[in-house]
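Undergrad: Starting from the given sequences, assemble the full structure and let the hints guide the process.
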Amino acid sequence: MDEHTSKRLAALMSDNRETILKQWTASVRDTLRGRLTTTELDRQFEELYDALQAALDADVTEIDSPGAADLLSLLADLSRSRARHGFTATETATSVFSIKEALFDVLDDKQARGLADHAAFSRFLDKLGLFTFETYVNARDAIITEQAEQLLELSTPVVKLWDGVVAVPLIGTLDSARSQVAMERLLQALVDTGSPYAILDITGVPAVDTQVAQHILKTVIAAQLMGAQCIISGIRPQIAQTIVSLGIEFGDIVTKANLSDALQYVLRRKGVDLAGPSATSPAVGT
Amino acid sequence: MITAEPSGPAQEQQIVSDDDVVRVRQLVRAAAIATKLSLVDQTKLVTAASELARNTLVHGGGGHARVEPVTNGFRNGLRLVFTDQGPGIEDVDRAFADGYSTGGGLGLGLSGARRLMDEFELVTTIGKGTCVAAVKWER
Amino acid sequence: MDRVPILSLRDVLLVSIQVDLEDQLAVRLQEDLAERIVATGAHGVIIDITALDIVDSFVGRTLATIASVSRVLDADTVVVGMRPAVAITLVELGLPLHGIRTALNVDLGLDMLQQTRLSAGADRETDVVEASPDVSAPQPVPR
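Protein chains in written order, with the working numbering: chain A, 1 to 286; chain B, 1 to 139; chain C, 1 to 143.
Fair warning: there could be bad hints in the mix.
Some but not every residue of chain A turned toward chain C, in silico, with C-beta under 7 Å [unchecked claim]:
id, residue
1, A116
2, A142
3, L187
4, Q188
5, G194
6, K218
7, I221
8, L225
9, M226
10, G227
Incomplete in silico selection of chain C near chain B, CB under 7 Å [to be verified]:
id, residue
11, Q18
12, E22
13, D23
14, D56
15, A85
16, I88
17, T89
18, E92
19, L93
20, G94
Calculated from the structure, these hints are not laboratory results.
Every residue gets a Cβ at the ideal spot worked out from N, C-alpha and C, and that includes glycine.
TA: The structure is reproduced here in structure tokens:
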């Protein structure tokens, strides 16, 4: 597309603003199926229309020209917003492509060089459409990554069981990434709560591989370095066998069959008086 | 390291005094944050850099550090290169033996630094000097 | 001349390391601490490393030396405030920090020193050095 074509198209857009805008907005409204209010849609497309016209008026012939910066910025915002609101990639890109129809109706009627302009404008708009699509995809990827991180956070709760005792109950399959996150959160919780005791409960973990077993081990040692004690509870028989077969030495790391035993152990060490049938040691004084 | 391509400007720091070791740490710390490494990875990187810088000063008689952002096409990382024109390392195997237990190893911190980094290369020539290059990749 | 400040709190000395510990500073700290332990008769030393974002083998050795020297001077040392990232790195580095006791914070560190003092006192029944009653021997004092 050359500058003359751009200028011609800009003039066309200016002269037929109402008609084109109306048709464009109407066609897009159908595809968006009422997920956007009419007012919002009208406003968005007016802005887009004006930006496109301004770019063409400024003799922009390629979408990477500096004069197209504002237009691209607007389109990027639009696709990001569409991505966040759950619109599909097609719906988003269609918003751009559908201006072609609206413009060409006007073009055929008025211009002599109709076909050439038609082709040039079409190519320009295709690129804009693809740009919109690309931005959309990137925005979606970013959202997915963000959600994955949030999910990881949610699935590693840190619970305060007692004064000076925190617990991290892990549930489900542990992969290397998840176990690292869990371990870092456990250690941070020790600092934040000033708890010298942590119970890592893996009752809900069906199996561990070498990497995960080593992460757990490293966490226990790290806790020790920091001045806290980390007890592991809920080791299933299969996991115990895995650990031994992997040759991992658990040394003097305390392990308990379940969370309850682990808590009892910790409370006794803290010298808490445990009344009840299971209490066997006298209070040492807190 | 064959696949590590520079992806940004390298920063250099000479190592002739204690203060230079501190400067190397600060340099690496800033570069690690810029490369968007996780906090634990940053800590490992700066700790390894500290070990290697100190080695260069104490055992290499002083030398030079180079910090460079790299990429392998998929991930970003940081490459550290420490060079000195010192006496070189006679017994490399022993140098890599854990120097932290009381006695064993030369306490060169090499084994520790190697464990903290993802890639590690050491080239040494008796009487000529030593060069250590190491890379840490983002996860 | 830069020095790491040492605070005296009852019979405990508190050192908060805020900056990178290079050779000169580390040596001076070791000397200053030894002097202060003797001068104040302190029985405990707390080294707060909360501000340290890395602990390399040099810092590790310095802490170990301080702990050893203090021990000889009849003071126990506790290192407090180690950051999680530092702990994780030390595990990877393979720095065992043998002989150094740690606690999560100053409060817990003080508790630990007190515990140590109490149990140490229980062993030292015949402490004839001091003329005044040995405050570390557990006397059944009504509270």
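Undergrad: None of the hints should be skipped; say for each whether it holds.
TA: Against the structure, the hints come out as follows:
1. Taking 7 Å as the C-beta cut-off, the interface hint given for A116(A) is violated, the closest approach to chain C being about 64 Å.
2. Interface restraint check for A142(A): the shortest CB-CB distance to chain C comes to about 26 Å, outside 7 Å, so the restraint is violated.
3. Evaluation of the L187(A) hint against chain C yields a held restraint, the C-beta minimum of about 4 Å falling below 7 Å.
4. Interface restraint check for Q188(A): the shortest CB-CB distance to chain C comes to about 5 Å, inside 7 Å, so the restraint holds.
5. Interface hint status for G194(A): upheld, as the beta-carbon distance to the closest one in chain C is roughly 6 Å, under 7 Å.
6. The criterion of a C-beta within 7 Å of any C-beta in chain C is met by K218(A), whose closest approach is roughly 5 Å, and the hint holds.
7. Nearest Cβ of chain C to the Cβ of I221(A): about 5 Å, under the 7 Å cut. The hint holds.
8. Interface restraint check: L225(A) against chain C, minimum CB-CB distance 4 Å, threshold 7 Å, status holds.
9. Hint on M226(A) holds. Least Cβ distance to chain C is approximately 5 Å, under the 7 Å limit.
10. Contact between G227(A) and chain C, as hinted, is supported at the beta carbon level, the nearest pair being about 4 Å apart and thus within 7 Å.
11. Because the smallest distance between the Cβ of Q18(C) and any Cβ of chain B comes to about 13 Å, over 7 Å, the interface hint for this residue is violated.
12. Of the supplied interface hints, the one on E22(C) holds, with its beta-carbon coming within about 4 Å of a beta-carbon of chain B, less than 7 Å.
13. A hinted interface residue such as D23(C) counts as satisfied when its beta carbon comes closer than 7 Å to some beta carbon of chain B; here the least separation is about 5 Å, so the hint holds.
14. Annotation: interface hint on D56(C) holds; nearest CB of chain B at approximately 4 Å, less than 7 Å.
15. A least Cβ separation of about 4 Å between A85(C) and chain B falls short of the 7 Å threshold, and the interface hint therefore holds.
16. The closest approach between the C-beta of I88(C) and any C-beta of chain B is roughly 5 Å, which is under the 7 Å cut-off, so the hint is satisfied.
17. Hint status for T89(C): holds, given a least beta-carbon distance of 5 Å to chain B, under 7 Å.
18. Interface hint status for E92(C): upheld, as the beta-carbon distance to the closest one in chain B is roughly 5 Å, under 7 Å.
19. Satisfaction of the interface hint for L93(C) is found here, the shortest Cβ-Cβ separation to chain B being roughly 4 Å, below the 7 Å cut-off.
20. Using the Cβ-Cβ criterion of 7 Å, the hint placing G94(C) at the interface with chain B is satisfied: the shortest such distance is roughly 6 Å.
Hint compliance for this structure: hints 1, 2 and 11 are broken, all remaining hints hold.
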